[in-house]
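S.K.: Respectively, the protein sequence lines represent chains A and B. At position 177 of the first sequence (counting the first as 1) the number is 177 in the working numbering, and the numbers step up by one without a gap. Throughout, the working numbering is defined as the position within the second sequence, counted from one, plus 296.
In short, the hints are calculated from the structure, not lab data. Since we're looking at a predicted model, the values are computed, not measured. Even for Gly, the Cβ is constructed at its ideal location relative to N, Cα and C. Check before you lean on any hint, since a few could be wrong.
[As the list claims (entries may be wrong)] Derived DSBU-like pairs (lysine-lysine); straight-line CA-CA distance at most 35 Å:
| no. | chain 1 | residue 1 | chain 2 | residue 2 |
| --- | --- | --- | --- | --- |
| 1 | B | Lys550 | B | Lys393 |
| 2 | B | Lys427 | B | Lys393 |
| 3 | B | Lys393 | B | Lys468 |
| 4 | A | Lys280 | B | Lys393 |
| 5 | B | Lys427 | B | Lys498 |
| 6 | B | Lys427 | B | Lys468 |
| 7 | B | Lys393 | B | Lys498 |
| 8 | B | Lys427 | A | Lys280 |
| 9 | B | Lys468 | B | Lys498 |
| 10 | B | Lys393 | A | Lys184 |
| 11 | A | Lys184 | B | Lys427 |
| 12 | A | Lys184 | B | Lys468 |
[Unchecked claim] Here are a few chain A residues that face chain B, going by a calculated C-beta distance under 8 Å:
| no. | residue |
| --- | --- |
| 13 | Ala160 |
| 14 | Arg163 |
| 15 | Val176 |
| 16 | Met221 |
[To be verified] Per label pair, the in silico range of CB-to-CB distance:
| no. | chain 1 | residue 1 | chain 2 | residue 2 | range |
| --- | --- | --- | --- | --- | --- |
| 17 | A | Ser101 | B | Asp443 | 35 to 43 Å |
| 18 | B | Asn368 | A | Ala276 | 54 to 62 Å |
| 19 | B | Leu481 | A | Leu148 | 52 to 60 Å |
| 20 | B | Asp434 | A | Thr24 | 50 to 58 Å |
| 21 | A | Asp48 | B | Arg423 | 33 to 41 Å |
| 22 | B | Arg328 | A | Ala160 | 38 to 46 Å |
| 23 | A | Leu232 | B | Asn368 | 45 to 53 Å |
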Amino acid sequence: MDLNEVFVAIFNFEDYGQLLPLVTNSLIAGVALGLVGGLIGTFVMLRDLAFAVHGIAELSFAGAAFALLIGTNVVFGSLVGSVVAAVILGLMGKRARDRNSSIGVMMPFGLGLGILFLSLYEGRSANKFGLLTGQIVSVDTVQVNLMLVCSAVVIIALLAIWRPLTFASADPDLAVARGVPVGKLSVAFMVLLGLAVALSIQIVGALLVLALVITPAAAAMRVTASPRLVVLLSVVFATTAMVGGILLALGGRIPISPYVTTLSFLIYVVCRLVGAWRTKHGRVGRTALPVPATAP
Amino acid sequence: MPATEPPNRQAAAAAAGSAIALTDATLAYGDRVLWRDLDLQVRPGEFLAVLGPNGSGKTSLLRVLLGLQALNSGTARIAGHAVRRGSRDIGYIPQQKAFRAGSPLRARDLVGLGLDGHRWGFRLSGRPFRKRVDELLDLVGASAYADVPVGLLSGGEQQRLRAAQALATDPKVLLCDEPLLSLDLHHQQAVSSLIDGQRRRKNTAVVFVTHEINPIIDYVDRVLYLAGGQFRVGTPEEVMTTAVLSDMYGTQVKVIRNEGRLVVVGLPDATTHEHGGHEDGED
Numbered sequence: 001m002d003l004n005e006v007f008v009a010i011f012n013f014e015d016y017g018q019l020l021p022l023v024t025n026s027l028i029a030g031v032a033l034g035l036v037g038g039l040i041g042t043f044v045m046l047r048d049l050a051f052a053v054h055g056i057a058e059l060s061f062a063g064a065a066f067a068l069l070i071g072t073n074v075v076f077g078s079l080v081g082s083v084v085a086a087v088i089l090g091l092m093g094k095r096a097r098d099r100n101s102s103i104g105v106m107m108p109f110g111l112g113l114g115i116l117f118l119s120l121y122e123g124r125s126a127n128k129f130g131l132l133t134g135q136i137v138s139v140d141t142v143q144v145n146l147m148l149v150c151s152a153v154v155i156i157a158l159l160a161i162w163r164p165l166t167f168a169s170a171d172p173d174l175a176v177a178r179g180v181p182v183g184k185l186s187v188a189f190m191v192l193l194g195l196a197v198a199l200s201i202q203i204v205g206a207l208l209v210l211a212l213v214i215t216p217a218a219a220a221m222r223v224t225a226s227p228r229l230v231v232l233l234s235v236v237f238a239t240t241a242m243v244g245g246i247l248l249a250l251g252g253r254i255p256i257s258p259y260v261t262t263l264s265f266l267i268y269v270v271c272r273l274v275g276a277w278r279t280k281h282g283r284v285g286r287t288a289l290p291v292p293a294t295a296p
Numbered sequence: 297m298p299a300t301e302p303p304n305r306q307a308a309a310a311a312a313g314s315a316i317a318l319t320d321a322t323l324a325y326g327d328r329v330l331w332r333d334l335d336l337q338v339r340p341g342e343f344l345a346v347l348g349p350n351g352s353g354k355t356s357l358l359r360v361l362l363g364l365q366a367l368n369s370g371t372a373r374i375a376g377h378a379v380r381r382g383s384r385d386i387g388y389i390p391q392q393k394a395f396r397a398g399s400p401l402r403a404r405d406l407v408g409l410g411l412d413g414h415r416w417g418f419r420l421s422g423r424p425f426r427k428r429v430d431e432l433l434d435l436v437g438a439s440a441y442a443d444v445p446v447g448l449l450s451g452g453e454q455q456r457l458r459a460a461q462a463l464a465t466d467p468k469v470l471l472c473d474e475p476l477l478s479l480d481l482h483h484q485q486a487v488s489s490l491i492d493g494q495r496r497r498k499n500t501a502v503v504f505v506t507h508e509i510n511p512i513i514d515y516v517d518r519v520l521y522l523a524g525g526q527f528r529v530g531t532p533e534e535v536m537t538t539a540v541l542s543d544m545y546g547t548q549v550k551v552i553r554n555e556g557r558l559v560v561v562g563l564p565d566a567t568t569h570e571h572g573g574h575e576d577g578e579d
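Isolated chain B (complex conformation) (with noise of 0.2 Å):
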């Protein structure tokens, strides 16, 4: 991907110390551009919430962060080096996922693959290592069914098993691609005030994509909106109004707030069912 230098110093100063910092970044699949000309810093511990309707590239963004796919233009930098594959600054929990029934893995197990899985060889596991993967079931509150078999666990079990996995490298930033979705309200609020302490206790910058907002609305600093090839930041108070997303789909949209949440009405596409499947469904 083309290196440009920041177009000037106040943003490379602001660049230096985020724990995300993405410049003039364009992403495009063939003619269908997602978003053009983006420019993001999330600083430590800040709680950014990534919303739109399918196919705006919210999943291409944490592609992008993880390395896994490159921008058209721009650059896009993860604690001050350039996004690679597989770095250790970068816990990622994806969408819930069940796991076969005679999956031959305990949830200690899986944990165990967060911290080691990448690594050649088989592990011939030593006491330091138990105590890690202990320390991290107590820290999602999964030490009662650390030896349970993974498909026996219920989505939101397994989803905290993934906050465990993606915890394990102590990481900068935290990537979340619905890790909401499919769960009942109470395993919710478990899975997101977790997400949250972490970024309290670590200093964590958390990067949440999700379709509804309302389950994390007590904790989203800032909010990246992507609709119609275009971007907003900024906080949820001046993102989700009606008149900003009005603009963005180019149709008359409604945003409500009643006691702390937000309803948005009239929405082209139908952004916030529940099984939403692969979203993007680019890759």
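Just chain A, same shape as in the assembly (with noise of 0.2 Å):
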């Protein structure tokens, strides 16, 4: 294969016109994750729990192998691999030292179930593969609606748990003194991560969730510190990336993932600049005022 044929399976816009319809479900699901990403991504900032998405991905990872396996609903078992795997943490170590360990000892146990289960499936090989690295662009309608479901369940129980669960996750002494129950919205928040991960890897892969799940908030919170702003940056951020990787993956033959993770990628280091420069230059919102010694 010399370079032009790798550029022309990377990117091949034949026939775009008629191709487009085909992918008309990967898009509505594409932008229905992008919301969900964009969204739940801020708070995963805030909680710092990059490491955990990972670890729920793997197991969603596992459930989705079973399913795959015994023949049942792929998103339903990916669904149950993460929940569980979500409460779980939710449940186990409050520091993030404790949760680390627990997140370190689950994430190679359910990649390795994960591949006992489609060591053992005797189906085609590109559904096994889609799993960890992305699907190529194809989302069945029955998907898609289960898709749309659970992100709806998501975005909604995300925006009535939103202030409390930004100030338990911002500033959880003073929370609990106030008496949110920073515990139950802990777990809460899990369970919507866990189906908030289980959505992303049917497009992108357990491999690959980061790119949209952490990538688009991480990238817009080096931009703004305004919490509106950062969740609106993020959503478009995530939006972009999903969106562009499918209509780019539309005519070449290689899985939507790379496309969604670099265009992820692009963005976050277009906003790393961003922030450097405007920190060099000092514009971080201080006012030239002196601050007073004393109250008055």
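Using the supplied hints, reconstruct the complex from the two chains, each of which is provided in its own coordinate frame.
M.R.: Right, here's the structure in full:
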């Protein structure tokens, strides 16, 4: 394969107009996932849960692989896997240190189980690979509907607990003192995170979930500290990466995940550069007023 | 928690007008009694310092008042009501704890959480909300960095925001858990005079848990000293003496007074070290 062939495999826009209607389902799913990933990502960053996302993704993969093996709905299998993982993590160590070691223990176990189930599976090998590294553009209507319902659940639930969850994530000591049910919110959030991870796996695969759940929010936080703007940018970035990835992948013959992760990464790099430039030029919002020594 | 009536009419009358009233309060973890039969009334506008070594139940006392920890016996009331979680009558200033550099919150957002962070849903903030946040920022002298990400603020600046959060509900009682820990001298003075100003203006009762009485010694009306399962209440002159502290610790302790400052020498436990971490270790 020479370079030109490689290029054609990656970028091919022949018959684009005819292909586009075929991926309507994927595009709808992509927008929903962009919304979910962007919203939940801001809390993942605020609660320092990036590693947990990875751990949940591996158990979700095991669930999906098992579903594939016994011939049931793969989305359902991965939902079960990741919600179980998320609840276990939510109930276990509240401190980041305890949590990280339990994730470290859980992750290879999940991955190992998944590989076991896939080895036993005798169907199409593309199905196997897709769970880990993402699908080639194809999502059927049943899957899309299930994904849309789950996305809606996650988004509505997140909006309902938005303010106390922000409080509990940013400032748990004070939130407890103010009567916020910090522990229950933590478990509730982990369940929502589990759902979001399971959904993302359907498109970008277990190994690349972070590109959808972490990178957009991390990029947004590089350029602003306004909570509203962070959420807005994070959603815009995630959706851009998803939809852009699907559209770029359309003509080529490789999965969409490389496109999604690359777009996501490029957005992050640009945001980092912008953030670094702004810090260098002192644009952090401090006004020139002298800080009074004591309160009036 | 069992509700027992105050033992006599006099105590009941005293408790009625109190910002804080503890009656026959006992707290123990298993066999370890932190304090027994603690009777304490704090008047509105009074500044009470709570002192004692690690593990003597200072932080636990605050947890009781916050409704996070049940008493083994006795009652605890805030502004005439039994303690409960999330009471609007209480403002709470925790120990300074650094925010991560990337936290997506500005100073004003942190103060805003103190106002309505406990409510469900998301905020459709209007002008009254922004105005109240601006007032609070102004009150603690934090207006200049209202839009700065919290992760970029110094420890002292963050503690001013904690004070603004705590004052958001116009509380009747201000509970402070080592709020000066790891602050430099300048910010220690700024934060403690801020707390003092609030109780003078609004008649807020202050309970101030600390390792070190000197930064606040000019403001303190009374001291609650906890040590060795015992307690003493009184003015600093009454409690912070060689005789009283030696008796409580059961060993010879010396209190030295010098130009309005107090130095306690010979404590069996290093009670004056600056970085106690999360003290008491019982939660």
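S.K.: I'd like to know which numbered hints this structure contradicts. Please list them from smallest to largest.
M.R.: none
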